Amino acid sequence: MNRLPLPPNEPGAARTKNADALMTEDPPTSSPPLLQVRDLRTSFHTPHGDITAVAGVSFDVAYGETLGIVGESGCGKSVTALSIMRLVPNPPGVIESGEVLFEGADLLKFSDKEMEAVRGDGIGMIFQEPMSSLNPVLSIGRQITEPLEVHLGLKGNRARSRAAELLDMVGIADSRRRLDDYPHMLSGGQRQRVMIAIALSCEPKLLIADEATTALDVTIQAQILELMKNLTSQLGTALVIITHNLGIIARYADRLNVMYAGMIRESGTAEQVYMTPAHPYTIGLLNSVPRLDRPASDRFDPIPGEIPDPGNLPSGCAFRPRCRWATGRCEGTEPVLEPFGDRQKVACFESGAVARSSQVAWT
Amino acid sequence: MTASTALQESWSKLGKFAPTLPEPLLSVRDLNVHFPIRRGFVIQREVARVRAVDGISFDIRPGETLGLVGESGSGKTTAAKAVIQLSKPRSGSIKFEGQELVGLSTSAMRSVRRKMGMVFQDPYGSLNPRMRAGDIVGEPLKVHGLATSRDDYRSQIASLLSIVGLAPAMAERYPNEFSGGQRQRLGVARAIAAKPSLLILDEAVSALDVSIQAQILNLLQDLQEQYDLAYLFIAHDLSVVRHIADRVAVMYMGRIVETANSADLYTRPLHPYTQALLSAIPTPNPIHERSRERIILKGDLPSPLAPPSGCRFHTRCPIATDVCSMTVPELRSLAPDQRAACLLAPGYAESAI
Numbered sequence: 000m001n002r003l004p005l006p007p008n009e010p011g012a013a014r015t016k017n018a019d020a021l022m023t024e025d026p027p028t029s030s031p032p033l034l035q036v037r038d039l040r041t042s043f044h045t046p047h048g049d050i051t052a053v054a055g056v057s058f059d060v061a062y063g064e065t066l067g068i069v070g071e072s073g074c075g076k077s078v079t080a081l082s083i084m085r086l087v088p089n090p091p092g093v094i095e096s097g098e099v100l101f102e103g104a105d106l107l108k109f110s111d112k113e114m115e116a117v118r119g120d121g122i123g124m125i126f127q128e129p130m131s132s133l134n135p136v137l138s139i140g141r142q143i144t145e146p147l148e149v150h151l152g153l154k155g156n157r158a159r160s161r162a163a164e165l166l167d168m169v170g171i172a173d174s175r176r177r178l179d180d181y182p183h184m185l186s187g188g189q190r191q192r193v194m195i196a197i198a199l200s201c202e203p204k205l206l207i208a209d210e211a212t213t214a215l216d217v218t219i220q221a222q223i224l225e226l227m228k229n230l231t232s233q234l235g236t237a238l239v240i241i242t243h244n245l246g247i248i249a250r251y252a253d254r255l256n257v258m259y260a261g262m263i264r265e266s267g268t269a270e271q272v273y274m275t276p277a278h279p280y281t282i283g284l285l286n287s288v289p290r291l292d293r294p295a296s297d298r299f300d301p302i303p304g305e306i307p308d309p310g311n312l313p314s315g316c317a318f319r320p321r322c323r324w325a326t327g328r329c330e331g332t333e334p335v336l337e338p339f340g341d342r343q344k345v346a347c348f349e350s351g352a353v354a355r356s357s358q359v360a361w362t
Numbered sequence: 000m001t002a003s004t005a006l007q008e009s010w011s012k013l014g015k016f017a018p019t020l021p022e023p024l025l026s027v028r029d030l031n032v033h034f035p036i037r038r039g040f041v042i043q044r045e046v047a048r049v050r051a052v053d054g055i056s057f058d059i060r061p062g063e064t065l066g067l068v069g070e071s072g073s074g075k076t077t078a079a080k081a082v083i084q085l086s087k088p089r090s091g092s093i094k095f096e097g098q099e100l101v102g103l104s105t106s107a108m109r110s111v112r113r114k115m116g117m118v119f120q121d122p123y124g125s126l127n128p129r130m131r132a133g134d135i136v137g138e139p140l141k142v143h144g145l146a147t148s149r150d151d152y153r154s155q156i157a158s159l160l161s162i163v164g165l166a167p168a169m170a171e172r173y174p175n176e177f178s179g180g181q182r183q184r185l186g187v188a189r190a191i192a193a194k195p196s197l198l199i200l201d202e203a204v205s206a207l208d209v210s211i212q213a214q215i216l217n218l219l220q221d222l223q224e225q226y227d228l229a230y231l232f233i234a235h236d237l238s239v240v241r242h243i244a245d246r247v248a249v250m251y252m253g254r255i256v257e258t259a260n261s262a263d264l265y266t267r268p269l270h271p272y273t274q275a276l277l278s279a280i281p282t283p284n285p286i287h288e289r290s291r292e293r294i295i296l297k298g299d300l301p302s303p304l305a306p307p308s309g310c311r312f313h314t315r316c317p318i319a320t321d322v323c324s325m326t327v328p329e330l331r332s333l334a335p336d337q338r339a340a341c342l343l344a345p346g347y348a349e350s351a352i
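Residue numbers (numbering that gives the first Met the number 0), protein chains in the order written: chain Z, 0 to 362; chain S, 0 to 352.
Calculated from the structure, these hints are not laboratory results. It is possible that part of the hints are untrue.
[Unchecked claim] These stretches of chain S come out as covered by chain Z in the derived footprint (C-beta under 8 Å, 3 or more residues):
no., stretch
1, 80-90
2, 210-222
3, 236-247
4, 275-288
[Claimed, not checked] A few chain S residues that don't get close to chain Z, going by computed Cβ distances all over 10 Å:
no., residue
5, A47
6, Q98
7, Y152
8, Q225
Since the model is a prediction, treat every value here as computed from it, not as a measurement. C-beta atoms are modelled at their ideal positions from N, C-alpha and C, and glycine is treated no differently.
Extracted from the complex, chain Z is given alone in its bound form (with noise of 0.2 Å):
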């Protein structure tokens, strides 16, 4: 399990060691970023009018990296990742604008051929349904070579020996027997393995697990993250954990994004945005969770009122029917992601505020 399962002669090998000299620094200024999204807008086009799922969202990733996205539904943390692999179901989805650059190529010019080859190759993707992501008619055997065959060109029994040694890989025992079995012949944590085998065989750059655990039993979801932390940090795979889960982001994630209704509200480390959080979402988030680290409380202190109705956001900030900081500049301007401090990035007019009442809260 701990030897790098790279084949000889693949370019893997030189890049892991590279991930790894990277990681030693302060990985977003001192090379250009594996990922750049920038002002990226993505719209959904229904009967009942138009949704704007993602409405202007900016932020890196860099080589080997583990970034969070974290928010609740319908906050186009989904939407997001989907508009970076160009996987946007169209009609009714349409990536309206913006720049996704990776590894400095804009995605969003490529052809859909080209796009095929960063899909698995340069991206791999896990989603939450591993029972819908597999193909319930070949064997899982057939499913992890077809990436090897399309991207790196192994055929027979060459593939399949890679396809072994990556089962072997992802912790699944008596590998080779098991390439035969079918999707349904696995539990849901192992077809969630399978489908780790899959995204990582072509040793892509950056892995995207979208609440890639979120279904699975608690004692399940443990052993799938250390997994995917694990080879991630490997191979030097860029990770981005998307997730509703404020727990994994904590324990997995370098960096974090916080995002509500379309935008990111709070970014920065994940010490800066779960010790000292800015933004009243955060804070709100951060309150009504019941957490295990901290005496039990009696009652919640919850955010009020609803999650807004992606097609009909109020004006301004659309956080603010909630927000108990609130002014009247909030309703006429929507706030833009500005820095606050050290690598932190708050988008809230009252931030300096927010900040001081939840060191507060904290102490």
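Given the coordinates of chain Z, assemble chain S onto it according to the supplied hints.
Just chain S now, kept in the frame of chain Z:
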């Protein structure tokens, strides 16, 4: 034999720490729910059986919350369904307000169900999309004949809606016009409409976003205080359960492996499965998370058709020895108000059943 002497007897069977507390509202003893797997053409032979619930016992006292925790397939939902007799127990006893429910006729069960409300996980699937919100909430009033007139019916619905934090005018709307959190409020309003003494909450907040989940948990706590409701709170998330439950029972493959009051279970879990479950939950605290060692269980849940011999957890247990595959551990009192079924737990060998 009076109910209370029977109770004393069953408590004394349970352990040396017989509680001197009010009589339980719900008392479940040695409950078994099995699902036969049948094969064959004309004659359906039973080829196997899933012991979904395999001899569990628990009490819930008035106004108390018992958290029933476990992963998928642990039997927690089947146990809850057996309590309201939606799944038929193979054996065992379920006493509610002193009345035995196992073997009760359908019509007699209907009047008992008035005292038990149920809230389900899926706020989308559990509300009839063709009924107006008011009629959904008012249905128990109709079924049990609790409204004296049309006006009374309407005013009861209006007050139920405002109790759960919805505007009475929303009674005219259909479920699709409500958000997930509002639908779950509707589900709670329906569950309390007939003024029950026990609410069974089956993963009632699991599908909700955290900000909405916190609101519903607060609502449930308020209702409990106001109406002295007892809750059977079924969930897979131990951190949510700690927040709401007075006592917790942890299930694994049809059996209760540990039960204790909340404070003890979370600070000093005795069963390795409880320890692993607690350890698997990541907390929203990066400093704490990165410094802590986690217990990562090996393998998957075994097939319920062929459960492991002895302790059912031994195939995944980090501390299991040979004896664990041979002997079935009993739930023993290992500390005041804390029982665990682990042969290797401290004090197990010395303690009585």
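Verification of the supplied hints:
no. : hint    : in the structure
1   : 80-90   : violated (count 0)
2   : 210-222 : holds (count 8)
3   : 236-247 : holds (count 6)
4   : 275-288 : holds (count 14)
5   : A47     : holds (18 Å)
6   : Q98     : holds (34 Å)
7   : Y152    : holds (28 Å)
8   : Q225    : holds (14 Å)
Checked against the numbered hints given earlier, this structure breaks only hint 1.
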